[in-house]
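A.B. asks: Protein chains in written order, with full-length UniProt numbering: chain A, 1 to 219; chain B, 1 to 219.
Treat the hints with care, since some could be wrong.
What the hints assert, rightly or not - Each computed DSSO-like pair below joins lysine-lysine, with the alpha-carbon atoms no more than 30 Å apart:
(1) Lys118(A) / Lys164(B)
(2) Lys169(B) / Lys164(A)
(3) Lys169(A) / Lys65(B)
(4) Lys164(B) / Lys122(A)
(5) Lys164(A) / Lys39(B)
(6) Lys39(B) / Lys115(A)
(7) Lys164(A) / Lys65(B)
(8) Lys164(B) / Lys39(B)
(9) Lys140(A) / Lys65(B)
Read the hints as simulated data drawn from the structure, not as lab findings.
These figures come from a predicted structure and were not determined experimentally.
Chain by chain, the residues:
Protein chains: 2
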Amino acid sequence: MRTVFDSQLALLEAQMLVMASSMEEAVVGAVEVLESRDKERARAIMEGDDDIDHQEREIEALCLKLLLTQQPVAGDLRRVSAALKMVGDMERIADQAADIAEIVLTLEGEAFDSKLNKHLAKMGRQAAGMVHDAAEAFVKRDGERASQVVGEDASVNEMFERVKRDIIKGIQAESDPAANLVEALMVAKYLERVGDHAQNIAEWVEYSITGRYKGELLG
Amino acid sequence: MRTVFDSQLALLEAQMLVMASSMEEAVVGAVEVLESRDKERARAIMEGDDDIDHQEREIEALCLKLLLTQQPVAGDLRRVSAALKMVGDMERIADQAADIAEIVLTLEGEAFDSKLNKHLAKMGRQAAGMVHDAAEAFVKRDGERASQVVGEDASVNEMFERVKRDIIKGIQAESDPAANLVEALMVAKYLERVGDHAQNIAEWVEYSITGRYKGELLG
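Same shape as in the complex, but just chain A (with noise of 0.2 Å):
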């Protein structure tokens, strides 16, 4: 028979595997409302984030309760204490792609300039692959594709230097009214800072596999 501790360990494992299938269908989403305009679908992604805020709380109240009642150790202890600290990343990857849907919602008239859009997109969808990878990482406890996504996050930063020259030419030659490039610069940060906590996700995955925390063995 599985042991309390098993079963809440179980538990904790469907709860994260449901707040990461929410986190990423948040920022997929987030990514094609960009290109859309779905201002529908923008609010609904918006009011989905309040659901993933309340499966954050409900992923620590466990993780803490665990660690308390069950003083789990080596391996086991590894897995709770990075659940820990992953759901913070995926609750605020969740708000990335929230903020970027508000945006949506504010802009005026039809998509950015068709060099703007495309850098944007292709920026959204490595960090949307990145949050899927590293979620897929921790359920298949898979640290050589954990391993991939940290490297990854420096591509998604110098998309990000792209997309700000983008926005500053297009300050420059008025290609579209300031106030939606001020947004889509918004836009740029969002989908990086997604790519840096895709990454700090996966940091947390080999730890809770090997025990090293980028590089170094913790605890």
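Since the structure of chain A is provided, determine the placement of chain B on it from the hints.
C.D. replies: Then chain B, alone, in the frame of chain A:
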């Protein structure tokens, strides 16, 4: 005689204090160099960030060691798990300060338009004040002060909206070079995030004192 656990907990608190002062110093410095445009000092703030990252990892390692070997309960467990969560926000605050310092290095010419400059400086002081108060609330286990910090975030968010409006106007009036205005917006966003992270820290301080996180009983 003190137990091993007590001395390790005292060490954790001392390390948290060092990290809190480093973080606060970085934010205050970033706000100052934004006005003074002192590039040498900006470089020093950027370089100090590696040290803060290292402090974070040391604290995380100590928290995990405490959880693993000492299996603290009740209030002690809350203090250790809150520390484990808070250092993430502290590190992120220092990152934003380093990002602002890095921007100062790239700015061309003199200070921003005086209104924008004034609003940014005010926003910076408010965000730095929240960081100071959140750190002090942790040190003094002062739940009331922590609650005050939580309440202040809305005003930093409002200031961000005001600065954003200044910047859109500045773009239209060409009051500053477009590249500088884009960077000013990034600075404002980073300061707004500093406020968010200070609020997160204050929420973990409340939890470590009361067992309630964002008003909900955890664990």
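A.B. asks: Against each hint, give a clear statement of whether it holds in the structure.
C.D. replies: Results for each hint:
Straight-line distance between C-alpha atoms of Lys118(A) and Lys164(B) comes to about 25 Å, which keeps the hinted pair within the 30 Å bound. For the given pair, Lys169(B) sits about 19 Å from Lys164(A) by alpha-carbon distance, which is consistent with the 30 Å threshold. Under the criterion of a C-alpha separation no larger than 30 Å, the hint pairing Lys169(A) with Lys65(B) is inconsistent with the structure, at around 51 Å. The hinted pair formed by Lys164(B) and Lys122(A) meets the criterion: a straight-line CA distance of about 26 Å does not exceed 30 Å.
The suggested pairing of Lys164(A) with Lys39(B) holds, with an alpha-carbon distance near 22 Å, which does not exceed 30 Å. For the suggested pair Lys39(B) and Lys115(A), the alpha carbons sit about 34 Å apart, so the restraint of at most 30 Å is broken. Distance restraint check for Lys164(A) and Lys65(B): the Cα-Cα separation of roughly 43 Å exceeds the 30 Å cut-off, and the hinted pair is therefore not satisfied. Restraint check for Lys164(B) and Lys39(B): the C-alpha separation of about 25 Å stays at or below 30 Å, so the hint holds.
The suggested pairing of Lys140(A) with Lys65(B) holds, with an alpha-carbon distance near 26 Å, which does not exceed 30 Å.
Checked against the numbered hints above, the structure violates hints 3, 6 and 7; every other hint is satisfied.
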